[in-house]
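**Q** Construct the entire structure; sequences and hints are all you get.
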Amino acid sequence: MNPIPLHHYLAVGAVLFCLGMIGFLARRNLIVMFLSAEMMLQAVAINLVAFARYRGNLVGQTFTLFIITVAACEAAVALALILLLYRSKGSLDVSLWQDLREAGQEPTLDEEPLPPPPAEAPLPQLTPSGVEPRRREETSHV
Amino acid sequence: MIANLTRFIRFLLVDNGPVTLVAALGLAAVYLLLPRPRNSVRAGAALAGLTLLLAGVLIVRANVATPEVILFYAFSGIAVVAGGLLVTQSNPARAALSFALVVLSTCGLFLLQAAPFLMATTIIIYAGAIIVTFLFVLMLAQQSGVSDADRRSREPLLAAVTGFILLGSLLYVLNLSYGTDDLDGLLATTRRAKDAASVKEMSDVLGDVDEGNQAFFTGFRKAVLKEQEKVDVGAEPEVRSVSQKLADEALNLQSVWLDARQKDDADKARAVFADLEKVALRARESFAVLQPRSDRPMSSLSGPPANLALYPSLGDDARPAAALRRDEATGRPKLPAENTAYLGRALFTDHLLAVELAGTLLLVATVGAIAIAHRRGERNA
Amino acid sequence: MFDVANTLWLIPALPLAAAALIAFLGPKFLGAKSHLPCVVALVLSCLLSFFVLFAVRDGEGVAEGAKYYTWAKVGDVDLGFTLRADGLSAIMLVTVTFVGTLIAVFAAGYMHGDPGTPRFFAVVSLFIAAMTTLVLANNFLVLYAGWEGVGLCSYLLIGFWFEKPAAAAAARKAFLVTRLGDMGLLLGIILLWVKTGRLDYDGVFAGMQGADPYLVGGACLLLFCGAVGKSAQFPLHVWLPDAMEGPTPVSALIHAATMVTAGVYLVARCSALFFQVPGVQLVVAVIGGFTALLGALIALTQNDLKRVLAYSTISQLGYMFLGLGSGAVTAGVFHLFTHAFFKALLFLAAGSVMHAMGGVIDMRRFGGLKRIMPWTRATFLAGALALAGFPLLSGFWSKDDILHGALGRALEDGPYATWYMVLFVGGLVTAALTAFYATRAYLMTFEGEERVPEEAGHHAHESPRVMTVPLAVLAVGAVAAGWVEPFGHLFGSTLTEHTRGLEGLHEHGMDLNLMVLSGLVALAGIGGAWYLYAVRVCTVKKIAEGVPLLYQLSLNKFHIDELYSALIVKPLQGFADFCRIVDAAVIDGLVDLVGQVPRLFGLLYRPVQNGLVQFYALAMVLSLTVFLLVLLWQM
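Chain order of the listed sequences is A, B and C.
At the far end of the first sequence sits residue 173, using our numbering, and the numbering has no gaps.
At the far end of the second sequence sits residue 908, using our numbering, and the numbering has no gaps.
At the far end of the third sequence sits residue 746, using our numbering, and the numbering has no gaps.
FYI, nobody ran anything at the bench for these hints, they're computed from the structure.
Where a beta carbon is used, it is the ideal one built from N, C-alpha and C, also for glycine.
You may find that some hints are simply not true.
Now the in silico label distances, taken between C-beta atoms and shown as ranges [unchecked claim]: (1) B/R719 <-> C/A730: 16 to 26 Å; (2) B/R621 <-> A/D130: 23 to 33 Å; (3) B/T893 <-> C/Q745: 22 to 32 Å; (4) C/P709 <-> B/L532: 26 to 36 Å; (5) A/L157 <-> B/L577: 30 to 40 Å; (6) B/L532 <-> C/A730: 37 to 47 Å.
Per the computed footprint, the stretches of chain B lying under chain A, defined by three or more beta-carbons under 8 Å from a beta-carbon of chain A, are [unchecked claim]: (7) 550-564; (8) 594-608; (9) 625-637; (10) 656-668; (11) 773-782; (12) 881-894.
**A** Shown next, in the form of structure tokens:
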């Protein structure tokens, strides 16, 4: 006997769904948004499969199969669209697309400056010893 | 207005304290972790850990540690943590890997729910195809690693608040529908009554003395029948029978208890409460349980019902081939292969039109994706 | 042999069908032949009308209320398309269709080559349909429909050359001024309906019998108000002279022979009401007599031939009302009948002159046309003499009848005898003046030194046959139409014996003395004009300079137009300007204010539309969450 009752699966589905939604709403990278949406679909799939088991028939599983199909279609089309968007702006930032705003409305820009990226660790260098040998002038043979 | 507000606060903190607490902590953790120019990852991580711990304490109540239980908590824990990482991770490539982890643990959950075909499909399609394609696009588009946009979020606070209010509502509803608090309370009362010294004390424990402890028994039957109310929608008499049987038993015990109270027979009363405790435990165990009953039929088209002795009138020779590939003891199809067979049967009988449509959809999506991503300028050049 | 009640509807229906035919097919298919359906329909209508007249005269064909169609039936009120054939209708019918047919034939020549010919004939057909409906109506509603129909056609035809600003303005003026009268008519009809609950003539007249005289008087005055507007009587006469901007056949048909007599017809038709209130009768007579004198005075000095005729028409219509007001309904309708012939003839002859003179109508610019246009000259002379009341011609008989009626009323021992005596004298003066200006117009146009304006070019010749033949027929009518009455009482008997409401009419006998008197007056007028305009031409100027005030007043039509402009139009314009300012400043301001409120709200919410798709998604999910919370709270 499976001692994990139905609503535990449902709770896991709910948590994943809400996390995915937060990701979709908050993250600005198109790919991450898309991944979040896929995670929401996964959450729904968990729920459906749990219900299928609870009711003892295969409708939920069948439905999940269709969800996977649609997700695959969605992925294909969405990735193509993302590529298209990337080509025209050179970035995956979704906030670059604000052309739908009201005429005369100022565009929304990032105001808070980012902290400087951490300095790259310097490459190890040997202490020079002796006189540096003279280099030959490089010449092009082309 | 103020009365409403206090009611609301009571509702949040007192009646549904655990849910509110977990949701609020999760909110704070996710808000702190979401990428921003100045975020505090350490505090966020600490909060997230606290949240998980708390949720574990509040949720995990199983008193037996079977492999299934351990696997469930492991898979769902990994899924939730990986989901959180996916949302809060600023590097999109790492987010994609987190998503792979989510998918894998989800597949584990599928397996736990006796859906091996779906598990395989999900792994192949998601982990094998979709995520890889995503990574390809990422490689194409974002070769310099984390971009500026990845280090910022759009309205992190509002998004987190929205998400966790939704989560709180969902958990509340789940608790409302599937929570066993009422049954647990009745169980405790029953045990206290069993331990009481005299019949009078027992009656006092149960309360509502003048009416013959009617309220306790009514509540008991109602709690037992709770499952039935939910499943009743499907109009499956077999499901009804279990909780109905338990409720009838409770009714019987009530009359026995009334009899014992009249005669002031403490031993007989104690026996009644011992039986009642058993009934309550059985009700709690059978509540929202995922194991299908052996006599529950599948759909009319997608194969024979789960019980084997389906066509006794036709004799052994007339059994369909599908019926033969069954576990003799339980009468259920053997896993995992049989799941695939029956899923296929269901797809091509009950859902044939949907399958055709899905196929068409895939074709159209393929054509569409090619048409969209195609560079028009290049062919001419 | 011929059932009146069953064929009556054909008389308006035929021209209506012709109108529809020309309107839909004319511009594309008929073109220059557009007059054919109109003429054919009118000839058929005319024949039918004659049949009706003969049948009515015999007393067999009187049909009082041939009902063809019910528009609406509300309670007791039965609104039906009901026609009526009796003496009055039949005489009007014959006049309208006969003159109308001749004028249509004339117009076929006159309008030749005009690009708007199909439109012209379509409207003329429509006009005849409306006019016959008006005349044949058996209830006030159908009458009103015909009344408005002829008003519309009048508007369309006056403004036929709508590209000419003067024509457009004249059409508008005619429409608005007659509208003023029509309002009175409508109110009168409503009053009668409220009082009696009926709309058909017999019911109304029976219901009003013996009613409160003030009520009857009020109703009569309201009806007369409509007649004043349509028949261009004194306060509302200003539209008719301007209506001469339309084509001349239109002036002949609508503004001389038929439509303007609708008012006379209405008063004659409602005689049963008018006879109940002698005071209102006096009002009718006074307004008629005054208009007759005023029109004649103005016509004396006008130089525009068509305007002379227009004022003459006003004057003669006033004469008819004088007759009606004097109780001589037969005389009034008789004058209407003869007037239709000779005035149509005069207008058509004037049109013929205008046609030849290249559109010039100012009598000072041409003269002595008798050699160039012998037919026109002869017919015009016949018409002018008939108008002047030359003894034995048609105008003489009918005018004499009216004077006879007025005199009879003056000599009676009635309450207003003195008034009627004054009116009789005024009528005599008017007759003299009429004779004078009719002769003057003839002399200035056809006699004297031959002069032709340059605009005429090579067109200065007699009009084609299609125009002269109707002239000749009408000339015969102008000479002879009057004879039906004195020689055999054909007219009076048909009218009084076969028209309900007119049976008890007092029949005046012939008064030889009066005939001699009026004949002498007419001859005096003719002789005076002859003397001044043919024998001693130079004296005219001297007379004009001798009484400059009177001459200027007459020449400027007594400044009535200017008076109306100053008293009514200008104040109204000022009020309209005031309203415009109020509208622009106050009302528009308020509306703008209301419009600003959503704008302000929009400004407030505008930042929400920031174009960020994620923001929109967030808003959607947030509101969904709020909704979910409310739902949970309700649980």
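**Q** Against this structure, judge whether each hint is valid.
**A** Results of checking the hints against the structure:
B/R719 and C/A730 have their C-beta atoms about 52 Å apart, which leaves the hinted 16 to 26 Å range violated. The given range of 23 to 33 Å is respected by B/R621 and A/D130, whose C-beta atoms sit roughly 31 Å from each other. A hinted range of 22 to 32 Å is violated for the C-beta pair B/T893 and C/Q745, which are about 47 Å apart. Taken as a hint, the range 26 to 36 Å holds for the pair C/P709 and B/L532, whose Cβ atoms sit roughly 34 Å apart.
At roughly 48 Å, the beta-carbon separation of A/L157 and B/L577 lies outside the given 30 to 40 Å, and the hint is violated. For B/L532 paired with C/A730, a C-beta distance near 25 Å fails the hint of 37 to 47 Å. By the rule of at least three residues with a Cβ nearer than 8 Å to a Cβ of chain A, the coverage given for the region 550-564 of chain B holds, with 5 such residues. For the region 594-608 of chain B, the stated coverage by chain A is satisfied: 6 residues place a CB nearer than 8 Å to a CB of that chain, which reaches the threshold of 3.
Remark: the region 625-637 of chain B is confirmed as covered by chain A, as 6 of its residues place a Cβ nearer than 8 Å to a Cβ of that chain, reaching the required three. Counting residues of the region 656-668 of chain B whose CB lies closer than 8 Å to any CB of chain A gives 8, so the stated coverage by that chain holds, three being the minimum. Counting residues of the region 773-782 of chain B whose CB lies closer than 8 Å to any CB of chain A gives 0, so the stated coverage by that chain is violated, three being the minimum. With 7 residues having a beta carbon nearer than 8 Å to a beta carbon of chain A, the region 881-894 of chain B meets the requirement of three or more and the stated coverage holds.
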